[in-house]
Amino acid sequence: MKFFHFHLMPWPHLPADFAEKHDSAWVWCPNGYYDPARGHGLYNWYIDSLAACEALGFDGVCVNEHHQNAYGNMPSPNLIAAMLVARTQRAKIAVIGNALPLYGTPLRVAEEFAMLDVISGGRLIAGFVVGGSPEYHSYNINPTTARARFSEAHDLVIQAWTRPGPFEFYGKYYHHRYVNPWPRPLQQPHPRVWIPGVGSSETMEFCAKRRYAYMSIPFFDFETVKRMGALFKEQCEKQGYTAHPEQTSLNIGVYVAETDAKAWERFEPPFWYFQRNLLKGIIDINTPGYTSIKSVIGMVQNVNHFVLACQDRGDLERGRFMVVGSPATVRQQLAELLRELGTGNLLMSCHYGNMDRPTYESSMRLFASEVLPKLRAEFGGDDARPYPEPRQVFESQEVAA
Amino acid sequence: MTPDVETLSIDGHEVSLRRGGAGAPLLVLHDVLGPLWEGLAVRLGRSRTVVLPSLAGFPGSAYREDLDTMEDLAFWTLALLEQRGLHGVDVVGEGFGGWLAAEVASRWPAALGKLALVAPFGLRLASAPPGPLFELRPAALRPALFGDPGSELAFRHVPDMPSSLEEFEARLTADRAGARFAWDPYLHNPKLARRLRRVRQPVLVLWGAADRLLPAAYAEAWRAALPDARACIVPEAGHALGLERPEPAARAIEDFLRT
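Going line by line, the protein sequences match chains R and G. Residue numbers 1 to 401, in our numbering, belong to the letters of the first sequence in order. Residue numbers 1001 to 1259, in our numbering, belong to the letters of the second sequence in order.
In short, the hints are calculated from the structure, not lab data. Take the hints with a grain of salt, since some may be wrong.
Said to hold, decoys possible - Chain R is nowhere near these chain G residues, computed Cβ spacing over 12 Å in every case:
{"no.": "1", "residue": "Arg1043"}
{"no.": "2", "residue": "Asp1066"}
{"no.": "3", "residue": "Arg1124"}
{"no.": "4", "residue": "Arg1137"}
{"no.": "5", "residue": "Leu1172"}
{"no.": "6", "residue": "Arg1195"}
{"no.": "7", "residue": "Gln1201"}
To be verified - Cβ-Cβ distance ranges computed for the label pairs, FRET-style:
{"no.": "8", "chain 1": "G", "residue 1": "Ser1127", "chain 2": "R", "residue 2": "Pro15", "range": "29 to 35 Å"}
{"no.": "9", "chain 1": "R", "residue 1": "Gly32", "chain 2": "G", "residue 2": "Pro1138", "range": "25 to 31 Å"}
{"no.": "10", "chain 1": "R", "residue 1": "Val300", "chain 2": "G", "residue 2": "Arg1200", "range": "44 to 50 Å"}
{"no.": "11", "chain 1": "R", "residue 1": "Gln188", "chain 2": "G", "residue 2": "Arg1156", "range": "58 to 64 Å"}
{"no.": "12", "chain 1": "R", "residue 1": "Glu234", "chain 2": "G", "residue 2": "Pro1159", "range": "46 to 52 Å"}
{"no.": "13", "chain 1": "R", "residue 1": "Gln392", "chain 2": "G", "residue 2": "Arg1156", "range": "49 to 55 Å"}
{"no.": "14", "chain 1": "G", "residue 1": "Pro1162", "chain 2": "R", "residue 2": "Arg276", "range": "25 to 31 Å"}
Glycine included, each C-beta is placed from N, C-alpha and C at the ideal position.
Taking the hints into account, I'd like the entire structure generated from these sequences.
Here's what the structure looks like:
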C-alpha cells in the first residue's frame, strides 16, 4: 500500500455570503477576492504541509492543475512540484496532472516533467488530465476538441520521451518539425502515468490498454468508486492482464481527532465551506461537447452519488464519502474501504476548504502516529507483483509514424 | 403544415432535411437552437417551398470530427446545394445560419440568390461584444436569445430542466454543434468583414431591437459592409426574432424577395 497526501491548495477567505451572491467559484468568480498578501502566507503553509509528508511517513504527495478559480490555486502544479522535489529525498511527487489540451504545445509538459524526473532522481509520477470542463471557458479552448487534443497531446508527450529525437510530429492540433526535448526522463521508458477519471468507459479503456493507472476522483460515494474500480479492472482483463493494485486508487477525505465527535466537529465547518463555495459550479458549468453526450447523461443520472447532493454529516457517512473519526475509527474504516476496493494506493485529501493550520496539523500528527503505522503493518507486502510495463498505443488522428 | 423529412448523404454522412410549403425553393439556414419547424420557417412556407437542412452535427445530422470551422461548413453547404440542385437559391439565414450564408456568399457569390440575414453571427464590434451563449446557463441564455425572457416561448426552448431524455440529448447535440464552429473566435470570423464586399447580391438584414446576444448596432455594421444591403429593425424582438416575431419578419422577407 502506498500512502499519498493530496492537496488542492484552495482559497479559504471567501466572504460568508459568497454562495448567496455568486453562482460559482469557477470561471467568473471575481478575482478581487484573491488577496495576494494573504496568499503569500497561505502558499508557503500549503507547501510546508506537503514537504512535511515525507517525515510523517507518507510515500508521496499529489498536486494538480486548476485555472482561474477559488477551488484550487495551482495553475502550475509543476512549479509547486519543483519546490517539493528540492525539499524531499524519497517521496514520490505525483503531478495529477497536467491538463494537456490547455498547453500551447504539450511538448512543454514533456520537457517540464522530464526536468522534474531528472532533478528528483526519478521520483515523478506523471499525471495527464483533460482539464475541468469550466477550464475550457477559462482558457478559451474549444471544448469539442478536448478529447481529440488530449489523445494527440498524449501521443506527442510519450513519443517525445521515448523516440530518438529529433523527429517530426504532425498531428491535427500540434505540429512540430523537430521534437527533440532536452532533458529526457530518468525513469525508463518513462515515468508512471496516472490518469484521473470520472467513470467514462473510454478513459478506462485508454488507461487499461497502456497499463496506466486509472485514478478515481474523490467526491463520489463509495459505491460509485467501487463500481468504477470494478469496471476498470474488467477493462484490464479485456486487455489480457490483471490490474496491478497500484493501477487504481482510493482518493478520499480523511480527518482524525481524539474522538469521533471531536473529529466531526473540527472537520465539518471547513468541509462545508469547501462544498458550498468551492465546488459550486464544478458540474453545472458545462461546456458544450466537452464529453460525449452519453457521458453527460450518465453524469446527470449519477448526480445523486456526487458529494454536492450531501446535505449533512449523515449523508456523508451513509455514502462513505469521507473517513472522519478517532484513530481507531479511521484505521478500521480505511482498512475496510481499501480491502473492498482492492487497491494499492491511498490518496488522502487531508485539508479541505478553509481548514486552519492547527486543525489540519493535529489531524496529520494523529494520523501519522496512530493510524499510518498500523495500516502499513496490516497492508504490508501487498505489492509483490511487478508493476506492468507501459504499452505504447497511439490513436490520435493524422499522426505521422 | 407538416414538412416532408428527407435523408441525404454528404461525404458519406447522414443529413436530414425538412421541406414544406409551395412555390420556388427557399433555403433556410437555422440558428444555434437547431432546425425548428416553427415560427419564421413555417410562416415562409405560405409563399415558398422552405428547405430546412439540419446543419452538420445538429440534431438530425451526423456529428463530424473532421469539420471544425465555418469554412468547412461552407464547403458542406456547397455540397448540399449541388446535391439538391439548389444553385442560386434564395436564402434566409438566422443567427448562426446567417453567418454561414455570408461565409458561402463571400467566397462564391453566385452560389446563392438573394440573402435575408436575420441577426447573423459573423462580425464582432468591440463597442458591443457578443453576449453569453456557450455558458449554457438557462437563466442567462433566455435573455440572450429572447426579447421577452419570461415568455412561455423562451422557457419552452430554453427550459431550466429538459422535460425528457430526448429533449436533453437534442439540446446537448445542438450546443455541441454550435460550439464546434463558433467557440473561437467567438461567434465571428475576423476576416469576414472585409470579405463582405464580394457579396454583390441584394441582402436584407433584419434585427430584433431587443437582441441582447448581438445588439441591433450590428445591423448597421452589416449594412455598411455589404455593397447592396438594407437593414430593418423589428421592434419587440430579441435574437430569436424568427420565433418571437415571425409575422413581421416573414412579411419583410417576402417583400424583399418579391422585388
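Status of the hints after comparison with the structure:
With a minimum CB-CB distance of about 29 Å to chain R, G:Arg1043 clears the 12 Å threshold, and the non-interface call stands. Interface exclusion of G:Asp1066 from chain R breaks down, the closest Cβ pair being 9 Å apart, not more than 12 Å. Chain R leaves G:Arg1124 outside its interface by the beta-carbon criterion, the shortest separation being 14 Å against a cut-off of 12 Å. The beta carbon of G:Arg1137 is not kept farther than 12 Å from every beta carbon of chain R, the shortest such distance being approximately 8 Å.
Here G:Leu1172 does not stay apart from chain R, with its beta-carbon only about 5 Å from theirs, under the 12 Å limit. With a closest Cβ-Cβ approach of about 22 Å to chain R, G:Arg1195 is found to remain outside the 12 Å limit, as its non-interface label requires. Even its closest Cβ contact with chain R, about 32 Å, leaves G:Gln1201 beyond 12 Å, as expected for a residue assigned away from the interface. The beta-carbon spacing between G:Ser1127 and R:Pro15, approximately 34 Å, falls within the hinted interval of 29 to 35 Å.
Our hint of 25 to 31 Å for R:Gly32 and G:Pro1138 holds, since their Cβ atoms are close to 27 Å apart. The given range of 44 to 50 Å is respected by R:Val300 and G:Arg1200, whose C-beta atoms sit roughly 49 Å from each other. At about 60 Å, the CB distance of R:Gln188 to G:Arg1156 agrees with the hint of 58 to 64 Å. R:Glu234 and G:Pro1159 have their C-beta atoms about 37 Å apart, which leaves the hinted 46 to 52 Å range violated.
The supplied range of 49 to 55 Å is met by R:Gln392 and G:Arg1156, whose beta-carbon atoms lie about 51 Å from each other. Between G:Pro1162 and R:Arg276 the Cβ separation comes to about 26 Å, which falls inside the hinted range of 25 to 31 Å.
Against the hints set out earlier in the document, violations occur for numbers 2, 4, 5, 12.
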